[in-house]
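*Asks:* Spelled out from the first residue to the last, the chains are:
Protein chains: 2
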Amino acid sequence: MRHYKIALLSFLCLGTTIALGQAVKEDFKPSTKNQPGKEYPQVNSQGYARFKIEAPAADSVRVSLGLGGRGGTKLEKGEDGFWTGTTEGPMDEGFHYYHINVDGGTFNDPGAKNYYGSVRWESGIEIPAHDQDFYALKDVPHGKVEQILFPSPSSNTSRRAFVYTPPGYAQNQNKNYPVLYLQHGWGEDETAWSNQGHANLIMDNLIAEGTIEPFIIVMTYGMTNEIKFGGLRNFDITPFQTVMVDELIPYVDKNFRTVAEASHRAMAGLSMGGMETKMITLNKPDVFSYYGLLSGGTYAPEDVDKVDVKLIFLSCGSKERPEAIKAATEKLKEAGFPVASYISEGTAHEFQTWRRSLKEMAPKLFTK
Amino acid sequence: MRHYKIALLSFLCLGTTIALGQAVKEDFKPSTKNQPGKEYPQVNSQGYARFKIEAPAADSVRVSLGLGGRGGTKLEKGEDGFWTGTTEGPMDEGFHYYHINVDGGTFNDPGAKNYYGSVRWESGIEIPAHDQDFYALKDVPHGKVEQILFPSPSSNTSRRAFVYTPPGYAQNQNKNYPVLYLQHGWGEDETAWSNQGHANLIMDNLIAEGTIEPFIIVMTYGMTNEIKFGGLRNFDITPFQTVMVDELIPYVDKNFRTVAEASHRAMAGLSMGGMETKMITLNKPDVFSYYGLLSGGTYAPEDVDKVDVKLIFLSCGSKERPEAIKAATEKLKEAGFPVASYISEGTAHEFQTWRRSLKEMAPKLFTK
Numbered sequence: 471m472r473h474y475k476i477a478l479l480s481f482l483c484l485g486t487t488i489a490l491g492q493a494v495k496e497d498f499k500p501s502t503k504n505q506p507g508k509e510y511p512q513v514n515s516q517g518y519a520r521f522k523i524e525a526p527a528a529d530s531v532r533v534s535l536g537l538g539g540r541g542g543t544k545l546e547k548g549e550d551g552f553w554t555g556t557t558e559g560p561m562d563e564g565f566h567y568y569h570i571n572v573d574g575g576t577f578n579d580p581g582a583k584n585y586y587g588s589v590r591w592e593s594g595i596e597i598p599a600h601d602q603d604f605y606a607l608k609d610v611p612h613g614k615v616e617q618i619l620f621p622s623p624s625s626n627t628s629r630r631a632f633v634y635t636p637p638g639y640a641q642n643q644n645k646n647y648p649v650l651y652l653q654h655g656w657g658e659d660e661t662a663w664s665n666q667g668h669a670n671l672i673m674d675n676l677i678a679e680g681t682i683e684p685f686i687i688v689m690t691y692g693m694t695n696e697i698k699f700g701g702l703r704n705f706d707i708t709p710f711q712t713v714m715v716d717e718l719i720p721y722v723d724k725n726f727r728t729v730a731e732a733s734h735r736a737m738a739g740l741s742m743g744g745m746e747t748k749m750i751t752l753n754k755p756d757v758f759s760y761y762g763l764l765s766g767g768t769y770a771p772e773d774v775d776k777v778d779v780k781l782i783f784l785s786c787g788s789k790e791r792p793e794a795i796k797a798a799t800e801k802l803k804e805a806g807f808p809v810a811s812y813i814s815e816g817t818a819h820e821f822q823t824w825r826r827s828l829k830e831m832a833p834k835l836f837t838k
Numbered sequence: 471m472r473h474y475k476i477a478l479l480s481f482l483c484l485g486t487t488i489a490l491g492q493a494v495k496e497d498f499k500p501s502t503k504n505q506p507g508k509e510y511p512q513v514n515s516q517g518y519a520r521f522k523i524e525a526p527a528a529d530s531v532r533v534s535l536g537l538g539g540r541g542g543t544k545l546e547k548g549e550d551g552f553w554t555g556t557t558e559g560p561m562d563e564g565f566h567y568y569h570i571n572v573d574g575g576t577f578n579d580p581g582a583k584n585y586y587g588s589v590r591w592e593s594g595i596e597i598p599a600h601d602q603d604f605y606a607l608k609d610v611p612h613g614k615v616e617q618i619l620f621p622s623p624s625s626n627t628s629r630r631a632f633v634y635t636p637p638g639y640a641q642n643q644n645k646n647y648p649v650l651y652l653q654h655g656w657g658e659d660e661t662a663w664s665n666q667g668h669a670n671l672i673m674d675n676l677i678a679e680g681t682i683e684p685f686i687i688v689m690t691y692g693m694t695n696e697i698k699f700g701g702l703r704n705f706d707i708t709p710f711q712t713v714m715v716d717e718l719i720p721y722v723d724k725n726f727r728t729v730a731e732a733s734h735r736a737m738a739g740l741s742m743g744g745m746e747t748k749m750i751t752l753n754k755p756d757v758f759s760y761y762g763l764l765s766g767g768t769y770a771p772e773d774v775d776k777v778d779v780k781l782i783f784l785s786c787g788s789k790e791r792p793e794a795i796k797a798a799t800e801k802l803k804e805a806g807f808p809v810a811s812y813i814s815e816g817t818a819h820e821f822q823t824w825r826r827s828l829k830e831m832a833p834k835l836f837t838k
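Quick mapping for you: the protein sequence lines, in order, are chains A and B. When we follow our numbering, the leftmost residue of the first sequence carries the number 471, and every step to the right adds one. When we follow our numbering, the leftmost residue of the second sequence carries the number 471, and every step to the right adds one.
Please note: incorrect hints may appear among the correct ones.
[As the list claims (entries may be wrong)] BS3-like, lysine-lysine: derived pairs with alpha carbons at most 30 Å apart:
1) Lys544(A) to Lys754(B)
2) Lys754(B) to Lys508(A)
3) Lys508(A) to Lys645(B)
4) Lys645(A) to Lys754(B)
5) Lys724(A) to Lys780(A)
6) Lys838(A) to Lys780(A)
7) Lys544(A) to Lys724(A)
8) Lys645(B) to Lys508(B)
9) Lys522(B) to Lys522(A)
10) Lys544(A) to Lys645(B)
These are calculated hints, taken from the structure and not from any lab test.
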């Protein structure tokens, strides 16, 4: 079925780009985040997304993507019992979480793979980005993503973390590596940076092209306040700080060939993970030397006055509050602190911003 | 709401146990396979499962579990817009895949985690088993589950595998380990043995209690015929055999400290993975010495007549066709072949059978 449509209405909101009077091109292809063999959801070369959901006896099917708070995209029922619909405008490049609403209930799209975000496993869709090459799966040497279970006496359990070890790690038995501790955002978990962020592929590609020296990345679960919605105001960093500094780092330093010194240890995080990074790096100034806040706030000169920091990296998307990042960077620079910043063009508080931020940050780590 | 019910009707079918005149105990708890913080689905001490799904405007909500082919469990709508219902009888112990049907469409339960089975990401639920201790997460040294991306010229891509390395692997740099190549079933993928099967925890526990010598497990994707339904009749093992024997094994032997000899290499698989194991072990008799078919068929003496096999392990659930396993075992024994078999009591063609089979098989591997 050919389907042309003029996007008369368009609103600037999360994940949606303004597009006035643009004809929808009928070159839709299955999203790369679909389950194997699933034809829908689809995306076209302009960034429109199209959905197709089977629910023959339903009265209403909506998709949360498209117009954000305005109710997303309403699907229409065909005679075959399938509901279809296309977003009213093109989406931002990169990865988006979404879900569908069937007769008032929240479900996932049976065609899409699931990604942990918003404190639930959500559907995911990928709008091909012009710069997708830097996180593509290529024919280069690949590192590993290792799931470890490390003892956590403070939480009385074994906790999970994922550890990226670069290509060559197994062969170069005499080499020790710096470590980046990299945190996810609110409602996500330790799977986010690999699954949504492709952190391992970003690293493999940067290493293959010689842009960075190999290092290890450690990713663990940072929702220490667990499933308390709206609890960020009363956020207590202590439980997670204990897990990170007293339990995870010693375990990693014992079980991987690390350079076990603050001078070769970085912490960074996105969104809430940036807030955690700021708190922990300032509470424990002897543990990390490189700090990264990705859409996760800023440091002021007085924050880091008594701290031996080698680099502060600040970033966000151009659709967030880039002026805050720029102003903070300027102040830190003026005060003589080592700082670098990055604004991701055309993206919001979503993973494309953070994939790009990791790519920009990685070459600046462990260089001093 | 208290809810007593006499199970008047009861049918013997997949995942359901006969229970006549049994009162349903109101000691329901969230399934251990739920998403963090989700109250439903729940299970009680008798093995009943209870579901609660929000869909205020739906006309019909059913759960695929409960009475198998007879349409599963029909949920009833409450005034709060939530649909609830309890299975008509207790379920078999262990892990079950399921999905829900909302007004004719197939969706997952928003409360449950998802597991790849039936060629889609399905909801999963866990009925606590009397012997669940052997795959529990305990305070013992834990091995790693490492995601590798290995080059596959035959399929022109990098393919994913998961590699379990036992505790101590990183420290004992002079030790080399035997390897078990362990395959999933039809419609599953390389995540199944860790996620549904808890293979890593089974190994950690067996090693901690001194029941086995540590070995490596490698798990990769075996659906070489990809998403062709009903295609098992015309199954061509060649593409997967090439990936396994010519690409994966050399990569593992190069990148892990293995004993790279047939005498220290095993292959086993569940269901379709057993069929693949049988085909590959017989086509490539110089590659593996230990063979395991878990609910995956049998070997006849004439199959292995010209093969230097150190052990054949055959297993299935008591609700499958145990007489076939017993008969094949007897024939192999009479013909003088080294064979061991195991029947999992009270389980069907599901993961509890295979968790137990791995636990029974592991101590018999690499002992000759």
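*Asks:* With reference to the structure, classify each hint as holding or not holding.
*Replies:* Hint by hint, here is what the structure shows:
1. Of the supplied pair hints, the one linking Lys544(A) and Lys754(B) is violated, its CA atoms being roughly 55 Å apart against a limit of 30 Å.
2. For the hint pairing Lys754(B) with Lys508(A), the CA-to-CA distance comes to about 34 Å; that exceeds 30 Å, so the pair is violated.
3. In summary, the hint linking Lys508(A) to Lys645(B) is not supported, as the alpha carbons are separated by about 44 Å, beyond the 30 Å threshold.
4. With a C-alpha separation of about 38 Å, the suggested pair Lys645(A) and Lys754(B) falls outside the 30 Å cut-off, and the hint is violated.
5. Pair hint Lys724(A) plus Lys780(A) holds up; C-alpha atoms about 24 Å apart against a cutoff of 30 Å.
6. Under the criterion of a C-alpha separation no larger than 30 Å, the hint pairing Lys838(A) with Lys780(A) is consistent with the structure, at around 7 Å.
7. Note on Lys544(A) and Lys724(A): the hinted pairing is violated, with a Cα-Cα distance of about 53 Å set against a maximum of 30 Å.
8. In summary, the hint linking Lys645(B) to Lys508(B) is not supported, as the alpha carbons are separated by about 44 Å, beyond the 30 Å threshold.
9. A hinted pair counts as satisfied when its Cα atoms are at most 30 Å apart, and Lys522(B) with Lys522(A) qualifies at roughly 25 Å.
10. In summary, the hint linking Lys544(A) to Lys645(B) is not supported, as the alpha carbons are separated by about 60 Å, beyond the 30 Å threshold.
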